[in-house]
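**Q** In order, the protein sequence lines correspond to chains Y and S.
With our numbering applied, the first sequence covers 0 to 308.
With our numbering applied, the second sequence covers 0 to 308.
To be clear, the hints were calculated from the coordinates, so they are not data collected in a lab.
Just to be clear, a hint being listed does not mean it is correct.
No distinction is drawn between identical chains; accordingly, a pair holds when it is met within one copy or between any pair of copies.
Below, in silico cross-link-like pairs of lysine to aspartate or glutamate (EDC-like), each with a Cα-Cα straight-line distance of 16 Å or less [said to hold, decoys possible]:
1) K304 to D293
2) K304 to D147
3) K78 to E121
4) K159 to D308
5) K140 to E66
6) K140 to E67
7) K29 to E80
8) K285 to E201
9) K304 to E139
10) K285 to D133
11) K159 to D72
12) K140 to D293
13) K159 to D277
14) K29 to E75
Only a predicted model underlies this, so the values are computations on that prediction, with no experimental measurement involved.
2 protein chains.
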Amino acid sequence: MPVPVATHTSPRAASVTVGVVQQSVAGNDKQANWLSSAEQIRSLAESGCRCILLQELHSTLYFCQTEETHVFDLAEPIKGEGHAFFGQLAAELNIVLITSMFEHRASGLYHNTAVVYDCSAEIAGTYRKMHIPDDPGFYEKFYFTPGDMGFTPIDTSIGKLGVLVCWDQWYPEAARLMAMAGADILFYPTAIGWDRNDSTDEQQRQRDAWQIIQRSHAVANSVPVVVANRTGFEAAPDSTNDAAGIEFWGTSFVAGPQGEILAQASTDQSENLIVTLDLQRTETVKRIWPYFRDRRIDAYNDLSKRWRD
Amino acid sequence: MPVPVATHTSPRAASVTVGVVQQSVAGNDKQANWLSSAEQIRSLAESGCRCILLQELHSTLYFCQTEETHVFDLAEPIKGEGHAFFGQLAAELNIVLITSMFEHRASGLYHNTAVVYDCSAEIAGTYRKMHIPDDPGFYEKFYFTPGDMGFTPIDTSIGKLGVLVCWDQWYPEAARLMAMAGADILFYPTAIGWDRNDSTDEQQRQRDAWQIIQRSHAVANSVPVVVANRTGFEAAPDSTNDAAGIEFWGTSFVAGPQGEILAQASTDQSENLIVTLDLQRTETVKRIWPYFRDRRIDAYNDLSKRWRD
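Let the hints inform the model, and build the full structure from the sequences given.
**A** Okay, structure coming up:
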């Protein structure tokens, strides 16, 4: 195919520098974890990042390895202490900040929610995780009611952000709907890892699949994708088997609008990524590979079915 | 995530050996090209392949580099000479054979059509390319009316085959609809290549994007994906610029249901691939990563819109 020629017609900024914080988490002391994240956020802001993404449920351990009612004590309202902490930080540093939280919406009603700030202590927008997983070690259906806000990008000073959360990453539908609503960049805070009992080959396939599906959302929609994943081993609570738990595979990454990897973190270290995204590139790529021109919407109705039987 | 445990509950065969023919094409002598393909098909059948995929429009040069009315002479009815040739071959070799053709449906009405045989000279099913590209060097909208048969897998003795064609490969919607209709394997006959004027980096991004998006269909739907792409340089007709034309990038490949590459051809050689697919693996993968369980069909209606504005 011919060379995409650079063009400059978008009303958005020509580029934006984004930061990603990949962390291991040692315990459920939320204040300590917030301070740890804040240190990295400050460092990234000082390095010029205008938008920073934290990983899924960064305030605590990944608590879904078991189903325990006392765990609901970790939740808080959207405008709780985490909001006060991170809102103030976003305002002070004058950044767009994407956080993730265990939302207590009402008694007996909880969500896995992303909260976005835009250079202010006020909330720019929220997203409640729409697709909720449930498999051994990831008992999320016990804790989280599926989101009821749909797939709506959050408008900020750097563009419309399509924020999705973890299990959402496996669904091309979610990314497409965000892109069709004008998302300029897709963000995935996530917490996924290996079972140490799996073979190395199986572990490799899983991590590759996870990266491929998210890179494919960049390809299909011609937008950059920014992913923050947790790292470190978290033991299964109350298990007598030392191997029981999740080895979060890190590998946070940023991909450009052709799915190309622009930066990638290690599997096993707490570290940050800094990438300057060329926001004009989306327009350039879409002009030469105009997928949205040719969608067969006359033949897509069955996508809203459970199964075509 | 935990180890997927092998299970054996599907009514399908436990495995099937598939073959892929990647070829360069020297001219528009259809008989010569059919004989060349037939030689490879025979070789693959002798090696044990039960299902063989040819590349897009394998009977001729890729004729869409220019818009010329005389090119319509290359088209033929579905039950034309190509049908007679390949149907007989499928019957003789007792194989499932996936061919691609320039279909003359009626005067002034043409399609880019895949025709599938199942161990018989009779046609098992057809698929008319639904998404039609059009960009410099790929003027397909001039030649092909978009398909009007929707996304329906073709039932054969080895399973339900989700046959899609080239530009369809960029659309997660197409793969999803095939999978939701029970496709056991996705097949993509394709003809895509580089502009020699592009930088090496740009060429790399394009080929990677093409492979990522198709591997992602395997991941999203937990089914294998089989891709046959053309190879070799085809000069742009009537051009005085020797560099003008398409350098088809080959790279035909087969991926398993986690998107893992099982075999991959070179960029620049005519060659065949042989892969034995474990058809039980789909069931195993779907049990541990059950994406279809959690699709938010209540929130997907806008996928049938052109844009969410």
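**Q** What label fits K285 with D133 when the C-alpha limit is 16 Å: within, between, both, or neither?
**A** Answer is between: at 13 Å across copies they meet the 16 Å cutoff, but 36 Å inside does not.
**Q** Give the relationship of K159 and D72 under a CA distance limit of 16 Å: within one copy only, between copies only, both, or neither.
**A** Answer is neither: 33 Å inside a copy and 49 Å across each miss the 16 Å cutoff.
**Q** Within a copy, between copies, both or neither: where do K29 and E75 come within 16 Å Cα-Cα?
**A** So K29 and E75 pass the 16 Å test inside one copy only (11 Å; across, 69 Å).
**Q** Is the C-alpha distance from K304 to E139 at most 16 Å within one copy, between copies, in both cases, or in neither?
**A** neither (24 Å within a copy, 31 Å between copies)
**Q** Within a copy, between copies, both or neither: which one fits K140 and E67 at a CA-CA cutoff of 16 Å?
**A** This pair counts as within: shortest intra-copy Cα distance 12 Å, inter-copy 58 Å.
**Q** Which holds for K140 with D293 at a C-alpha limit of 16 Å: within a copy, between copies, both or neither?
**A** Between copies, since 11 Å is at most 16 Å while 37 Å is not.
**Q** For K78 and E121, with the copy left unspecified, which applies at a CA distance of at most 16 Å: within, between, both, or neither?
**A** Within one copy only: 10 Å inside a chain, 66 Å across chains, cut-off 16 Å.
**Q** Cα distance capped at 16 Å. Does K159 pair with D308 within a copy, between copies, both, or neither?
**A** Classified as between; 14 Å across copies, 37 Å inside a copy.
**Q** Within a copy, between copies, both or neither: where do K140 and E66 come within 16 Å Cα-Cα?
**A** within (10 Å within a copy, 55 Å between copies)
**Q** One pair to classify: K29 and E80, alpha carbons no more than 16 Å apart. Within, between, both, or neither?
**A** Within one copy, since 10 Å is at most 16 Å while 72 Å is not.
**Q** Which holds for K304 with D293 at a C-alpha limit of 16 Å: within a copy, between copies, both or neither?
**A** Only across copies: K304 and D293 sit 12 Å apart there, 22 Å inside one copy, limit 16 Å.
**Q** With identical chains, the pair K159 and D277 could be close in the same copy or across copies; at 16 Å between alpha carbons, which is it: within, between, both, or neither?
**A** within (15 Å within a copy, 43 Å between copies)
Of the numbered hints stated above, those contradicted by the structure are hints 2, 9 and 11, listed in ascending order.
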